[in-house]
Amino acid sequence: GAGVSQTPSNKVTEKGKYVELRCDPISGHTALYWYRQSLGQGPEFLIYFQGTGAADDSGLPNDRFFAVRPEGSVSTLKIQRTERGDSAVYLCASRLGLNTEAFFGQGTRLTVV
Amino acid sequence: GNSVTQMEGPVTLSEEAFLTINCTYTATGYPSLFWYVQYPGEGLQLLLKATKADDKGSNKGFEATYRKETTSFHLEKGSVQVSDSAVYFCALSRNFGNEKLTFGTGTRLTIIP
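Chain order of the listed sequences is R and G. Here this note's numbering is used: the first residue of the first sequence is 335, the next is one more, and so on. Here this note's numbering is used: the first residue of the second sequence is 284, the next is one more, and so on.
One should not assume that every hint holds.
Beta-carbon label-pair distances, calculated as ranges [to be verified]: (1) R/Leu430 - G/Gly292: 29 to 37 Å; (2) G/Lys343 - R/Pro395: 32 to 40 Å; (3) R/Arg415 - G/Glu298: 46 to 54 Å; (4) R/Gly406 - G/Thr288: 19 to 27 Å; (5) R/Pro404 - G/Lys351: 36 to 44 Å; (6) G/Gly292 - R/Asn344: 22 to 30 Å; (7) G/Thr393 - R/Gly337: 25 to 33 Å; (8) R/Glu435 - G/Ser297: 28 to 36 Å; (9) R/Thr445 - G/Thr393: 21 to 29 Å; (10) R/Leu373 - G/Gln328: 18 to 26 Å; (11) R/Gly387 - G/Ser297: 44 to 52 Å; (12) R/Lys412 - G/Gly344: 40 to 48 Å.
A few chain G residues that face chain R, going by a derived Cβ cut-off under 7 Å, partial list only [said to hold, decoys possible]: (13) Pro293; (14) Leu327; (15) Leu329; (16) Phe372; (17) Phe379; (18) Asn381; (19) Lys383; (20) Phe386; (21) Gly387; (22) Thr388; (23) Gly389.
Since the hints were derived computationally from the structure, they do not count as laboratory data. Note that this is a predicted model, so its numbers are computed, not measured. Don't be surprised by glycine CBs; every beta carbon is placed ideally from N, CA and C.
Assemble the whole structure, with the sequences as input and the hints as a guide.
If you want it as structure tokens, here you go:
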């Protein structure tokens with residue numbers, strides 16, 4: 335596709351359930367980022383992949399959050415034992431390489447009830 | 284650590300008014316500075332950036348100058364249009380913008396005809 339694609343666009347889940355959020359970056363983009371945006375706040379960094387490896391996972395809030403990018407393209411953010419405080423818009427961004435612009439997807443709105 | 288403080292909104296202006304949205308930052312070293320914009324129903328888009336002191340970023344009539352002495356990157360536009368209504372985020376990134384972005388909380392701008 336032309337841009338960064340995130341699916342689903344909306345996800346409602348019950349407290350305690352497991353969820354997976356998917357990000358399809360722009361083709362050929364080697365860098366991929368996940369951010370979380372709570373209501374009324376700016377995006378907060380979660381994790382950064384360069385290729386298949388997590389170059390920086392310092393933003394993951396706890397061990398319930400995990401992300402993978404096994405083939406260096408699509409990435410999945412996984413949240414175990416969801417809590418109401420996990421409700422937010424989860425954004426994905428990708429970049430072609432060094433010194434290039436990061437392009438954002440439209441996000442997945444996660445609601446934990 | 285790194286942080287960005289931006290002017291709280293919402294901001295409401297009449298068409299053709301002058302716009303300033305203040306942004307100040309705290310960072311180690313010499314970060315790159317960015318303004319991102321989120322139009323209704325769309326993903327975050329890069330509006331402009333500056334990578335070193337005294338650089339001026341500009342796009343779509345918007346400008347911002349990297350002021351190291353005041354650690355600021357205020358966004359300005361001489362004559363706003365209804366189509367400029369959006370949420371604006373100031374952000375920084377180290378290593379010439381190749382690392383994670385740290386965002387401010389966002390400023391919602393509404394332009395009335």
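Could you work out which of the previously given hints the structure breaks and list their numbers from low to high? Hints 4 and 13 contradicted; others consistent.
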